[in-house]
Each structure stands twice: as C-alpha cells, then as structure tokens.
Amino acid sequence: MATRQTGIVGRLAVAPSVAALFLWMIVPLGMTIWFSLLRYNLLDPGNESFAGLMNYRYFLTDPAFFSALANTLKLVGAVLVITVVGGVLLALLLDQPIFGRGIVRLMVIAPFFVMPTVSALVWKNMLMHPVSGFFAWIMKSFGLQPIDWFADAPLTGIILIVAWQWLPFATLILLTAIQSLDEEQKEAAEMDGTPPLSYFFHIVLPHLARPMTVVILIETIFLLNVFAEIAVTTGGGAQTSNLPFLVYAQALLQFDVGGASAGGIVAVVLANIVAFFLVRMIGRNLDA
Amino acid sequence: MKRVIYGALGAVMFAALTSTAIAQTKLTIATVNNGDMIRMQGLTADFTEKNPDISLEWVTLEENVLRQKVTTDIATKGGQFDVLTIGTYEVPIWAAKGWLVPLDNLGADYDVDDLLPAIRAGLSHEGKLYAAPFYGESSMVMYRTDLMEKAGLKMPDAPTWEFVADAARKMTDKAGETYGVCLRGKAGWGENMAFLTATANSFGARWFDESWKPQFDQPEWKNTLEFYVNLLKDAGPPGASSNGFNENLALFNAGKCGMWIDATVAASFVTNPKDSSVADKVGFALAPDNGLGKRGNWLWAWSLAVPAGSQKTEAAQKFVSWATSKGYLELVAAKEGWANVPPGTRTSLYENPEYLKAAPFAKMTLDSINSADPTHPTVKPVPYVGVQFVAIPEFQGIGTTVGQFFSAALAGDSSIDDALAAAQDATTREMTKAGYIK
Amino acid sequence: MARKQPMQRRVITTAAAWIVGFAIFFPILWTVITSFKTELEAFSSPPKFLFFDWTLENYTIVDERSDYFRFAMNSVVLSVGSTLIALLFAIPAAWAMAFAPGKRTKDLLLWMLSTKMMPPVGALIPIYLIFRDSDLLDSRAGLVAVLFLLNLPIVVWMLYTYFKEIPGEILEAARMDGATLWKELVFVLAPMAVPGIASTILLNVILAWNEAFWTLNLTTSDAAPLTVFIASYSSPEGLFWAKLSAASTMAIAPILILGWFAQRQLVRGLTFGAVK
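As they're listed, the protein sequences go chains F, H and L. Numbered according to numbering that gives the first Met the number 0, the first sequence spans residues 0 to 287. Numbered according to numbering that gives the first Met the number 0, the second sequence spans residues 0 to 437. Numbered according to numbering that gives the first Met the number 0, the third sequence spans residues 0 to 275.
Here chain F stands alone, though its shape is the one from the complex:
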C-alpha cells in the first residue's frame, strides 16, 4: 500500500524524530561510558584517572547487586501483571454506559496525576502506617493486628503503591483502544447471541493485543527506573533496593560519578535484555 512516493516522504517524516533522539541518546551515553572508565569522584575533581573496568567490577561484585537485580525484576513483573489485568477489566467496566461516566473516569485516572514522591508519602504515612494509618484503623476495627507494611512486606507495599500509580495509564490506553472496537462487530455478536466470555476472548482481547503490548513495553521502561517510592518509604535495603537505587547511591550519596556511570550502563544492559525477551514474547502484536 506504500507507494514509492510515500516511501520517501515516510522517511523524511520520521527523520527529525530520529535525529533528535539520536543526539539525545548518543551524547549522554557516550559521556557516561567514558566516565564509567574513569576513577572520578565529584568531591575530588581534577583527580580523575583512567581506571578501566574497575567501576564495573565494583558494581557487579557489590553484595547488594543480586538482590537489587531480583527486586527490580520482581517489581516490574508484579506491577505489569496488576496494571495490565486491572487495566483491561477497568477499561471494560468504564466502556459500559453508566451514570456519571465522566466523573468515574476522572477518578480512575487521577492517581497518575500525583507526583510519585507525594504518592509514596501519602501511602506510607496516611494509609499504611501501622499506628496511625487508615488501613491500620480498618484492621483494628475488625479486631485484627495491623500490618507493618514496610517491616514485614516492604516490596509488596512498594508494588502496591507503584501499581496504583500506573493503573490509570494502562486503563486510559486500553479504554481508548476499546472505543475503537468496531460497533458493527459488536452488534453482530450480540445478535448472534455470542456468550459474553467468548466475545471477550475472541473479539475484544485480540483487538487489544497491540495496545496491551504497547502498555507493557512502555510501562516496563518506566518501571525499571522506579526510584522515588523506594527512597521515600524504606530508604533502600536488601528487601527493596532496586538497580536504579544502587546507581543513585553511587551518584548522589557517594558522588562517585565513575561508579554511577558504570551502574547506569549495567542498568541499560539489563533493560535491553528484558526488552529483548519481551519483544520475543509479544512483539509481533505490534504489526498485527
């Protein structure tokens, strides 16, 4: 369907975006790779020296590295599952004719409006705090022992907070996609008496395949870099530190630019690996 004319025009249309992003990628990336090979501490400027792979060695042999890796993957995986499944269900629900649909939509999308730092503070102190939090009050009203989220199940607590923030994103994209579901197909299915479950699995879900893939890929990129919620709630630690948090510790606590750069490159490598697997699994939905 692409004529030769549209082929050239197509390339021109994409060119500015590609050029801009290429610059944005290559300059910081280049500098980061260069810094990662130096012994460069911000608090000791002017004393940089070439250090080869020393920073990488230190970063990868950090005893916290493997637990951070595991936490990163657990966080991303759990939030993806919650938001995609929840997003589909919510999109279906909000697609129905209901009274006050606009308001309900706004309520569901609202968590995305709040700054992550503020979300984390509100959840940690006003909702999840075992003494004065809202959840504690509810549990005490039922005679149960309140959960000390950040002592007993810290990663779960953080997963909840992050999932709450990202659910609107998935819902919004999936809802917009559902809107474009062919009206005629829907009416035909109704008239044929197709059971709703079958309708869902055979018509709605395939239609949503591409948007779901987009949601998963975009969310993964963001979730791999979750940081504020961890810093605010637990301040890190074996149970909750993830890879970006380790890089942060290098960059803004140690002010070790060399180490932080190495950590950043390691994180990029990890992200590429994750993306590779994701694309293998669901990437074909992109062209469907």
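Worth flagging that the hints you see were computed from the coordinates, not collected in a lab. Some hints here could point you the wrong way.
[As the list claims (entries may be wrong)] Some chain H residues close to chain L (C-beta under 10 Å, calculated; not the full set): (1) Val64; (2) Phe244; (3) Ser276.
[Stated by the list, open to error] List time: in silico DSS-like cross-link candidates among lysine-lysine, alpha-carbon distance up to 27 Å: (4) Lys362/H / Lys280/H; (5) Lys102/L / Lys139/F; (6) Lys149/H / Lys173/H; (7) Lys169/H / Lys139/F; (8) Lys47/L / Lys280/H; (9) Lys139/F / Lys362/H.
Beta carbons are placed, not taken as given, at the ideal position from N, Cα and C, and that holds for glycine.
Once you've looked at the hints, dock chains H and L against the given chain F.
Showing chains H and L alone in chain F's frame:
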C-alpha cells in the same frame, strides 16, 4: 489617541530605565525547608530594607534534595547559588577543599566569639570560620512527665541507658497504644545512623580505628545494636524500622510515646500546644550514657556559607551576617516570641533571661551542645571528626548502607550478628575502594 | 447506537464502577480532606472524615510562603510546551510508521523506546555539565528540550498505536480523491484520531508535569516548576502533612481540570461505522 500611546510608552521606558538605575545584586539562597528557615524567609523584608541594592531569591527544598543539588552544583562549579545552607558534615570537607569563602567580612558588631565553642569548632578549618551557624542542635531525651509518674519513676537530669531502658519497659502498654520509647529506625546516614552512631559513642564504640579499619566486629558495636533492637522490640512502636524524625514526632505529639530521644529542636515542636496534644506534659533530660565518659548526644548546626568563586561574596556575606547576628534573634523574638528564636548558636542567647523563661528546654539544649565534642567524639581515639557522622565524603554512602543493614535487623529481617558482619564487609569494601585502607 | 440496556444492568454496572472508582480515588480524596485539617488532626487516630475543624490555614500558609503562580506557570509552559513540540515531531513520524511501514519500522520503534533505558541518575552529571557549559541551567528552554526528548518516544508510540486502528483505506481513498499529504493529515487523519491524540496529550502532559528528577536537578528558581514547589513542602523537620496535602492539592488541581476536558474527548464510536 496617539498622544496617549506615546505617553504610555514614555512612562514605561522611564520606569524601565529608572528601575535599572539601582543595580540590584540578586542573591540566590539555597536553604532547607525547616521551620526556622521558613521563618527567616518570611523576615526577608527586614534585610532588603536595610540593603536596598540586594534582592533575595529563595530556593527552599527538603534536606536530601537540597544536599544533592548544592553538592552537585558546588563540585561542578555550576554557580547556581550564592548562599548555601550546609551542615557540620559538609563544612570541614568543603573548607579543606577550598570550596568555601572564609567568612572574615561579617561586620564589626557580629561578635564571632559569642558563638558557642563546640559549634564554632565544627564550622571552622585551620582557625578560620567558613560557615556561620544559623541554628544548632544536639540530641536529648524528651519524656512524658505524666507517664513517668504513673510508672513511679523520676527522670534524673543525666540518666544512664540502663535507667532509660528500664523506664521505657515500665511505661509500655502496647494494648493501650503507649510505647515506652520511640527511636529512629529508618535507614539513612542522617536518619537511624545519626542516632546509632551517637549512641554507639556512649557505649565506647567507634566507626574506625586509627588505621581506618571498621570496627563493627568489635564487642562495643554488638552491645549497642543488641541494646537498641531489644529495647525497641520490648518498648517501641510498630513500624519502628521505617520511622524517622517526622514519624516519631507525630507519634509523640499524638501521645503515643513515653520517651523520645532525638534532636533538641524537637523540643519546641512537642511543647507547642498548637501541634502537640501533650504540650504541657513534657520533661527534658540529657542523652543517656553508660558511664564511659561520652553521652549519646550529637551535634549539628545548619549554617550559611558562601561558595568560592562567587562574584557576589560581599553581598552574600552581608546576608550571612544579618541572618546569624544577635539582631536577627531579637527580630524573631519581637515578631514571634522568644520560644521561636533559632536555638543553639550564641552564648548570649542562653544568658538572656527572657529566652530562658520562654523556652523551658533551653538549659538542657545548651548543656547537650556544650558536651558534644566533634574533634574527640569517642572514648577510644579516632582519625576522624564528627559526633554522629564521620566527616569524610564517602560517609553518606557508607552510612546509608550500614543504616540499611541495621534497619533490617530492627525489622527482624536479619540477625544482629549478620547485620554487623554485613556492615563490616561493606564498609571495608568501600574504604578500600576509596583508598583509606591500603 | 442507543441500544436499550436493561435498566437493572445499568444500575449494577454503575454501582460497580462507582465503588471501584471511589476506591482508587480514595488516597487522593484523603489528601484533599487532610489539606483542610490542622497538623494535629492530620495524624489523629482514629482518622476523621468529615467532623473536624475545617480550616483554610494550610492554603494561606502555602500561598504566603511560595509563589504558587510562578511555579504553576513554569509547569504549564514546560509540560504543554514539550508535549506540543513532541506532537509536532511525532505526528509525521507515527503517520509514516503506521501507514507506510518499512522493514525497519519495528526496530526503529524499539530503538526509540530504548533511549529511555538509562536511569536518569546515571546520566545526571554528563547532562549537568553540558547544561552548565551551554548556560542552560535553570532555563525554561533547556527544560523544555529535555522533557521533549524524554517524552518523544512515548508520544510516537501512543500515536502509532492509535493510528494503526484507523483503516488505511480511508486515507487511500482521500488521496485518490486528490488530497495532498497535508490535507490528508489535517482533514482526514486528525479528526479520526482525536480520541487518540487527546489521550496522548493528556498522558504526556502529566508525565512532564510530574517529572521530578530533571526538573529538580536542572532548575533553581527561574524555571522551577511545581515539582520543586512540592519538594519544598515535603519532609521538613516538623509536622507537615496538612501543608503538604494543601500543596499537593494545589499542584494537582490544574491537571484535574485538564483531565476532565481531555476525558470528554474519549467519545465512543467516532465515525468508523458511519464511514463504512
């Protein structure tokens, strides 16, 4: 119509030209969002009236963000700030690097000898003052007089840890949501580690020996950590391992803590009837000790400094002088009462009868500050300065890592021995990488 | 399209939707309620919902202390500016990738997304140094550029997804009727893609509005947006919940308004049935 337009244009040009006639130096001030600084921001008019050629631009941020921004900026010479708010941690390090301007132009009636000696020592390098203290603090015990009475105990002015632990256990009523003692547990070099380092000093422990070898494998640190974890398990609130200063303040003000050992500045918060439900039931005591010669109190002063290489050092020093002068203290007293004056900087404040009357915690604060010695913080000799921190650049990272291990021990995720071993390994690793340990 | 849904079913789905919506919205509602309490009551246990001393003191304090409008103005300029510029770059790109795909289109899309893989904190110093040397620190232009580049991949991806929903035949038909490329984009494609463009604008404005790493580190005062405003209310020494709640409510308010208008664009059944 044309005349109106030309007239208006002329007026605008006139205004533009005349306003630029008074060349204004704009000072960008980076500061923490603590109450005393916010108050200072509100009193800007007093300074700008006396100095019409200087305008002030305030950048107020929470402590962690501020520290990151200010450090990044000064290390890269970004030049974004003209006056910095930094603490007794940064000053020794940055002064030694030549990043700060020595404050020798603070004005004739500044009276630098009036500054409390411990604080002045913490802010000087090779005899010169590099930052002017805005407010100073130590740590002390704040306790509920009514709960102590109910438990049949009387708090001495200078308690021992044994007494405090016993009192805490006696005051605890978990079913009634009263917890004998609230202490910091959240991981962070300035959070739980500030408290634990200062406490460890009173147990005879130290971070490093003279050859920079970490000391977590020694009995003193084990005693400290065991004492801390067991005390909080028996007498502390749930969620202790993620409670920092603010969470404990909220708990104390809601009446849930029998004792709270934390910064002396908290005293004005817990006795303020507007914010505290127990304002009239609070007593104060020095931070506890074990009879080894060092008490568990720390020393900190938020101070104003001027970055080296700034083009505006003269205006900046004028501002620094104004904000930390005796005149400023009187200004705050006149506008908001003596109880709200920034504490812990000048001897003259503590000799002022009006201040002592308005602030029942004043004497305890002064004694705490005076008994802290950053140059000799521990029982055994050490190669570093700093009471609740080690004034080396690597400490932020190391302190936070160790803080995470200790917080996990408190949460029950790790045994005390494992936490100490992990702390020892991590610290040794970092110190070797940084070149302290050969 | 007005099919008669049985009333009963409508009521049930309405009830379900409202319960779910309310549960999700609750933390925000709680923040707004807290902004009207005194600091002492903000932390009271058991928590109070309606029966407490409502007060406006927190808003007064926030208003006196910070120049809300300057921060808000900066947020608006930064978010809207970067999103509009991103749209300018992304609409042609997404059009090309959706309707004139090549062999490398999918790789190109994935590469664009990969520019977001670096944890921002790892690239902080290089960017800070570049900004310092080009005098872009604390400038709106610099931040708009950064936010534009951060969000461009997302805008391209989202538009690509929505464009893919639009049958290519319609565009072909328009072209065969003699429409130029420009007319094709503006008069045929854009109207059909309104819901998609609306939700893309909404999400990206929000992403830029809440971007708290670069905005905190690259601005000081002139270009500082609401994220810096919030950072000046969070975690000081002392009780701050009520004030932070007030500040947060003030920070979210513009977005809630934007969100209300944007979600009205998510109107169902736009044209496809009619065209066929």
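Broken hints, by number: 5 and 9
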